[in-house]
Amino acid sequence: MAENKPKVATACMCGCSGCHMSFLDVDEFVKDLAELVEFQSSHVIMDVKEIEKVDIGIMEGTITNDENVEVAKKMRENCDILVAWGDCACFGGIMTMRNFEKVDKILEECYLEKSDEESVVPDDELIPTLTDKAKGLDEIIDVDVYIPGCPPSADVIRYGLEKLLEGEIPKLDKDKLRY
Amino acid sequence: MNTVNFNVDGQDISAKKGMTVMEACEEHGITIPKLCQHEALENVMACRLCSVEVNGKQILPSCGLQVDDGLKIQTQTDHLKKYRRKILELIYRSENHYCMFCESDGDCELQDLMYEHEIDRFEFPRMYPEWPVDSSHDYIIKDSNRCIRCGRCVRACDEVVGNHTLSLGGRGINNRIIVDAGVPLGESTCTSCGMCLQVCPTGAIFSKLSMFKGVKKECDMTTTTCLSCSMGCGTNVYTKTGHIVEIEGADIHKESGGQLCEFGRFKPLANKGERIKNVILREDGEEKELSLSEGLEKASEMLVKSYRISAYASGDLTCEDLDAFAYAMRAHGALFDVVGAKRHRFETEVKRRINMIEGHFVTDIREIMKADNILLYDTSIYHTHPILASYIRRATSNGTKLITIDAYEDKFWNHSDKSITIESPKTQLTRLVNQVIKEGKASIEDLSRVSSILGGLRVHPKDVMEIVNLLEEATYDIIIIGDEIIDRWSLRHIFELAKLEGSYVISLNHAGNQYIKNLETEGVYEEPEVAYILAGDEEDQADMKELIEKADFSIVQSARRSELTEMADLVIPSLTMFEREGTTIDINGVKNKVERITEPKGGIRSEIGFFEELAKMR
Amino acid sequence: MGEIKEINPVTRVEGHGKISIHLDDDKQVKEARFHVTEFRAFEKFVEGRVLWEMPEMTSRICGICPVSHELASAKACDELVAADIPEAAHKIRELIHMAQILQSHSLSFFYLSSPDLVMGFDASPEERNIFGLMKKDEELANRGIKLRSFGQNIIQALGGKKVHPELSVPGGVNQNLLRDKGEEFLEKTDELKSYIQDTLSLLRDLYEDMDVDVEEFASHETGYMGLVDENGHLEFYDGDLRIVDGEGTILTEIDPKRYDDVIGERSLNWSYMKFPYYKKLGFENGVYRVGPLARLNLIDGISTELAHEEWIRYKEIGSKEIKEGSLFYHYARLIESLHTVERIEELLQDEDIYTGKINVPTQAREARGVGVIEAPRGTLIHDYVSDAHGVIKNANFIVATGHNNLAINKSIQSVAEEYIDGSHEEIPEGILNRLESVIRCYDPCLSCSTHAVGNMPLMVDLVSNDGRLLDSKERY
Ligand code: SF4
Ligand code: SF4
Ligand code: SF4
Ligand code: FES
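Chains as they are written, first to last, in our numbering: chain F, 1 to 179; chain B, 180 to 797; chain D, 798 to 1273.
Derived from the structure by calculation, the hints contain no laboratory data. Honestly, I wouldn't trust all of these hints.
Distance condition first, Cα-Cα at most 25 Å in a straight line; then the derived DSS-like pairs of lysine-lysine [claimed, not checked]: (1) B:Lys419 / F:Lys176; (2) D:Lys1154 / B:Lys780; (3) F:Lys114 / D:Lys1076; (4) B:Lys446 / B:Lys590; (5) D:Lys1154 / B:Lys446; (6) F:Lys102 / D:Lys1154; (7) F:Lys176 / B:Lys260.
Please work from the sequences and hints to get the whole structure.
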């Protein structure tokens, strides 16, 4: 039985985790879901070789650095249906407020002007490099399902998942759609 | 016939000639999406969202399309929906909309339409144009980031308020709302009426005082009447868990266009004194807090033992409040007066003397907009009666001539055709005008000679002649007398002039409730033993202060701490404008309902009950 | 040149963290680094917006504790407009804040940490999550769900939404609590208190049986910082900022608005998260912790009865009153949860919550405003400067995980030192679980959510001193 369960993976890019929190607000439904699907975590996107593909890939957050880009692409490669949760993933969300200014300038102001004198701007190779502009998911990869909202309510998230489990591609009507 | 027959979405419809397709559809319950169209404003066809398919070929905006016999209209084809979706998307993407922290989130017409069109993704990239936020105004924030350039605010400021503060300027995507010649809103000619934010479909202009206090759609809404002045504006007051979120004008269908002024829309929500929760007694240099019943006790004790009692009430109360107060005060043998009533008494007296009939008075102030000429005495009404002022401005934009006479600077300076600044006695000017009208124009020569002999007279014969000429050539002129004109002689001359010329008169006074005209008032002792002042919301009335100063013992009943309550010997809690209920009479003599919006939060629940008790304690 | 072990890891799932371990020439651990890889830019882009929008905007910094941000922001704004908020508004804010602490602590304990504790650190990752817990101990999982949803429901009743609610405005709040809601909530508090008490005793048992030493596990001495009320008691919304040393001696206690007198911030090139430090001891030594552990270490007591009793009992565990071992975070969190339920109960019985005056009108002025509160994970600071029209000219945020940044690095270093002793050219077994668990103890804000529905993957790279990849281990 377990073999037939659809596999779901979720990932968070540059978001606030609010969308995932809203997902947890389905409360008791989490238990039902545990029966219905198998949650693979976002590690699937870490190593494509060893991990089988998932059926549904869910992403929260904005694309703001090269790692996000990579994660998004890998998620796309490894899932059948890609779901964008929240304004951030759907349209870019609040993070795109940084697009009014050049990245270098922002970094300088945030790290040099707002910390002590010995501070430096983070640029180590072990941390990702910021993209010029913060972007919504579909500026990088194809998205199949859009569940906007900041965050989408638990009900809407649930609706989306239920539809997917029924084998339909959900589309939010005017009562469910919120930005 | 006056009706035309046509077809909408397969349904046969008849409508009055001259209507737009949109209006006719709405009448039949067919809604067409719209953004720039607003019922109180002219149609400009700026957004094209309301486009419909006409006779199967053209696509035309229905808000600008006149109904006609035989038209075949489609409002909901797939093609139209796609077209509209594209428009919406473009509007949204070319500006900086961040609904998650937008004050209008939930109350935004653009957002509603986006939901309705199920826009959950965008084809067009975002533009990120850079716009600053203008937060310079005390009450209003203008955020171009969310402006969709529908021009509603511009039209409202122009057509409804008659103020022309806002205009659309700049080309292409730089097209934006400009304030005057490009100044911050806080430094502009804006009158703080807030009409722009009431009509703005988005979060591009909004009230600082209401920000994030609640989504209007989810609030309770009560329609009531503003008590701040005698215009009797209808207001829609939105509340959330019993607290006011926002106040809007209710009468969008009427001439006022749903306008309110600063006093009706913003002031009630702005900074105010602290509520009075207990009775305060100041005795022998000490301040004591008493319960309401102890306060009642103390008040009656003072009233019972005194002979010369002056009772004075604010004019911004309901008819019922005024009656109850008057009754209680008379029971204690007090002389009774209300703010604004004195002026009314003078007026009545003068009218009787010169035998002037009611027919000379304008019964509907909107008539102002039809006058050929307006002669305005006292331009301070620009600030004290802003709605009336807006009618005057609107009239002038339509060609009405305006002459103002004021002791100070003409507050209508950029609207009036002639401003006469003349210190008291203004009465001289009017008297001369009257004389010239009576004795013929030649008499002006003699008059100026006489006046120069008498010396000191600063009336210009030229001014006199100008008024005379103006009144003569017009068929419909209105004389407006501001509430600052309170001397009998001025009133007498002005009324005489109206009588001579057959002009109509609008006469203003300080009272919000014109019930004072029905009430018996008699003027009060100037140096009473006890002064009992029912101030309500009123915070600093000069004559109230004067009365307190001259009284041996003063009682002030007030909703909030103010200069008045600081001066009083006994302070009793009162109600605010939103806690009162009953009726009020506006300047046109119409009785309007005043609804209780919020539960009384001061130290008194029923003021009328309080006065009933007081009346019994003799 | 040292080697770098890169554990890339706490990432994805947790979102945005990453670990590297730097070896010296003797292959001993030189430094362990916890990299925060996301940069949000809020400090910059709020500039130019108006102060009234700040609570709404900054709530988006964190979806796990949005209420904390909203409140810290509103407090900063109150100061910008010199508003003295009504008492009722204060209480309503405290109510939603308590609800927020409860929901977040419940999430952290029941959804994220208890699987480790109940199933053991070495259980398979597929089991060590809320789903596994539901199978193994459904009762415990249910308690967690109920506690969290109780908190979330209060948040929704006051702010309209469970995540990113809208309640606080500069000058107060925008609504009272509806009475029937209050009654509904009040009915539940007894049951919830007993849940927490039961879980506390379960935890005590677990600690006894555990194969790791609770006191020693990821333990190290640091200072502690948090708010205290006028009696020195546990405080989340207001109060003074207290810093104690590792022995519990008070180093400083100040008006939190003057936080920058004692706290410095440094940014380093290898993390997007700054490193705040206690200025007096300097960057190297000024390590302090915030959050549940810190709070319970620095207070003189708790104002509510049951939580106070539990706190007394907690102090008696082990050899020291001051708890250093990171595993005590769980315990501390439960005691705080108990306090929040008790406090919620008190507040729900206060008439002000239902009918009191909720806000005062505001008028902008040129000013600086600092709002400090205790978020679930520790002290949260919002610091704004506005112009005369209320436009934000400068903003600075220090979030709980920021304060803990140096301490987290110390903690992972101590784990790394324990496991890497100079003999390996590969990544030792078991280190991943341990690291994950240590990081979870801090419950970093940037984490959580995602692995609540899965498990926490870890990846370790071992790199030689000349940059060669010696070993790479992943665990899903
Ligand atoms: S959409 Fe909103 S709730 Fe979701 S991650 Fe973005 S900011 Fe957070
Ligand atoms: S104006 Fe309307 S569409 Fe634009 S951000 Fe505000 S709510 Fe959203
Ligand atoms: S400010 Fe509002 S009303 Fe004016 S043009 Fe812009 S969107 Fe329209
Ligand atoms: S509503 Fe008709 S064109 Fe805008």
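Sort out whether F:Lys176 lies within 25 Å of B:Lys419, counting only the CA atoms. With Cα atoms ~24 Å apart, B:Lys419 and F:Lys176 stay inside 25 Å; holds.
Next pair to validate is F:Lys102 with D:Lys1154; report whether the Cα-Cα distance is within 25 Å. 45 Å, violated
Given the hinted pair F:Lys114 and D:Lys1076, is their Cα-Cα distance within 25 Å? 15 Å, holds
Just to be careful, I want the Cα atoms of D:Lys1154 and B:Lys446 compared with a cutoff of 25 Å; is the pair within it? 18 Å, holds
Are D:Lys1154 and B:Lys780 close enough, with their CA atoms no more than 25 Å apart? 8 Å, holds
Check whether the Cα positions of F:Lys176 and B:Lys260 lie no farther apart than 25 Å. 19 Å, holds
Given hint B:Lys590 paired with B:Lys446 - CA-CA distance at most 25 Å: It holds: about 21 Å lies between the C-alpha atoms, which stays within 25 Å.
The structure does not agree with numbered hint 6 stated previously, though it agrees with all others.
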